[in-house]
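Peer 1: Here is what each chain is made of, one letter per residue.
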Amino acid sequence: MKKNIVILSKPISWVSLMLIVVPPVLYFTDAVTMEIMNALLLAGTLIWFVTAPLWMRGE
Amino acid sequence: MPNVHIEKEAVEELEGGEYNREPVPDKALKGPKAFWGMYAGEHAAGTEFMIGPLFLAAGASLKDLFIGLLIGNILAVLTWRYLVLPIAMKRRMTLYYQLEQIAGGSMVKLYNVTNGVLFCFLAGAMITVSASAVGVPFDVRFEVPEATFGLSGAGFTLIVAIVGALIALVAARGYNMVARFSNIAAPWMILVFVACGIVSLAQMDAHSFAKLNTVWNDGVEYVKLANGSVDFGLGKIIIFSWLCNAAMHFGMADLSIFRFTKNKSAGWAPAIGMFLGHYVAWICAAFLLAALIATNPNETLNAAGKVQADPGFLAWNALGWAGIICVVIAGWTTANPTIYRAGLAFQSLMPKSAHPVTGVVLAGAVATIAGVFPNLSAQLLGFVGTYGMILGPIGAIIFVNHYLAKPLGIHEDPAVAKKTTFNVAVLLAWVIPMAAGLWLIFGKGQFAAYLVIPAWILSGILYIIFAKLMHGSKSNSSDS
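If you read the sequences in order, they're chains A and B.
Using this note's numbering, read the first sequence as starting at 1 and increasing by one per residue.
Using this note's numbering, read the second sequence as starting at 1001 and increasing by one per residue.
In short, the hints are calculated from the structure, not lab data.
Honestly, I wouldn't trust all of these hints.
Stated by the list, open to error - Residues from chain B that face chain A, not an exhaustive set, calculated with beta carbons under 8 angstroms:
{"hint": "1", "residue": "1188"}
{"hint": "2", "residue": "1191"}
{"hint": "3", "residue": "1194"}
{"hint": "4", "residue": "1195"}
{"hint": "5", "residue": "1198"}
{"hint": "6", "residue": "1202"}
{"hint": "7", "residue": "1319"}
{"hint": "8", "residue": "1320"}
{"hint": "9", "residue": "1322"}
{"hint": "10", "residue": "1325"}
Every residue, glycine too, gets a C-beta built ideally from N, C-alpha and C.
All chains, please: the whole structure from these sequences, using the hints.
Peer 2: Structure representation (C-alpha cells):
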C-alpha cells in the first residue's frame, strides 16, 4: 500500500509542477484570467507539498 | 545571495561530522551528479527575491543585466572550477580543518564567529523578506525608512519579531528537518521564479524584446525621478555577480563540498546554481518590480516617495497566494539554516555548561533585531560584497599555503609545524586588508564587491611577508 502511494505520488508531483509553469504561459497568451491562473498556481503549490515529500524522502 | 548558501558539510564540521578531521577516503567520494543536484537547489533562495528587483532600483539597464550576469556567472563558475576544486581534490579536507592547520584552532574560532555574525545579518534580511510576505494579507506593508537603523511601521516590526522568533525556534530544533524541507521546496521554487517572470512579462504587455526594453527603461527613469541619480553599469553587474559568492569560491568555503568529488567535472556543477538562481531567478524577480512600476507605480513608493523593492507585495501582485507562500518559504529556508550555523559558531565560544541551544537562540535574537531594520535588506547588494570582502581573504591564505609555501620557503601548515593555536601572521594578513576594505566601504562609499579581489591579493602578499618575518624561512628554521 505504502509503495503504491509512493509510486502514484511521483507523477502527481510532476503534474503539479506543470501547474506552476503552464498557467502563467496561458495568462501571457490571454487564454486565462489572472484569477484562474492564481488559483491553478495555488493548487499546484499545495499538491506539490503534499505529494513530493512522499517520494523525495528516499531520493 | 549572493547566494550565501550553507553547506551541509559545514554544519557537520561544527557538529563533529564524518571525515571532518581527516582527508575524505576514496570509498566516500561521490560522482558529479551529486554536486549538480546540490548546487541546483542552492542558489534559488529568499535573497533572489530581494536582489533581482534591486538591480532595477539601482538603475541597471536590461542589456547590461543580461550580458553582465552572463559574464559574471561564467567567471564565478571558472573560479570554483580552477581555484577551489584543485585544492579540494588534492587535500580532501574541509576549509575549517585546512585553516586550523595553517592558523590554529583559536583562529578558526575567530573566523567562525565572524562568519556567524555576518550570517546573522543575512538571516535578518531573510526574516524581513518573509515578513514582507506575511504582512500582505494583513495589509501591513514593508516600508524602507531613510535611516539605516530606522524602523518600518509598528505592525511590520511586530510581524518581523514573530517571524524571527518562529524561525529561531525551528532552528533550535535542529538542522535536518529544514534541510529536508528546503530540498523538497527547491524544484518548485525555481519554477515559481520562472512563473514570476512570465506573469510580469504579461503584466508589462511585453510580447517583444523591444517592448520589454522600453518598459524597463521607463522603469529606470521612474526610479531616477523618485530616488535621484542611480547607476549600476555593466562592470558593476559583472563584478557583483562574479563575487557575490566570493566567500564560497575565493574564500574557499566550498572546499568542504568539493573534497568529496571523484572527478574534476564536478567543478562545473556551480554553473547550474548560478544560471538558475543568479540569472533566471534574479532577472525574473527584477521583472516583478518593472511590472509593478509599469502597472501601478504608486505601489512601489515608500512614505518618503522613493521606489522600494517590497518582495512580498511584488510576488503577491504577480502570483497571488502562491507568490506569498514562495516568499515566506524562500526567506524561511534561507534564514533557518543560516541562524542554525551562526548559532553553532556562537556556541563554540560558550562554556560546556551552557545550554546546547543558547548559541542558536542568541543568533536568532541578533538576526531578528537586524530584521526589524528594513534598510539592511534594502542594502543587500552592498552587504553581499562586504561579506565576500571580509571572508574572501582567508582563501588567499589557503592558496598561498597550498601553492606557494614550498617554492617560497615558508612553512606549509605552520600551526601544525609550530604547534600553535593562534597564528598571528594569518590574523594580520586577514585583518589588515579587511580593515582597509571596511574603511573604503563605510568611510568612502566604495562599492564593496570591487574590493574583494584587491583584498584577496593583498592578504596573500601580506601572509607571505608575515610568515617569513614571524616564522622565518623553512630552511632557516630547519637549520636551527
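Peer 1: Against the earlier hints, flag every one the structure doesn't satisfy and list their numbers going up.
Peer 2: none
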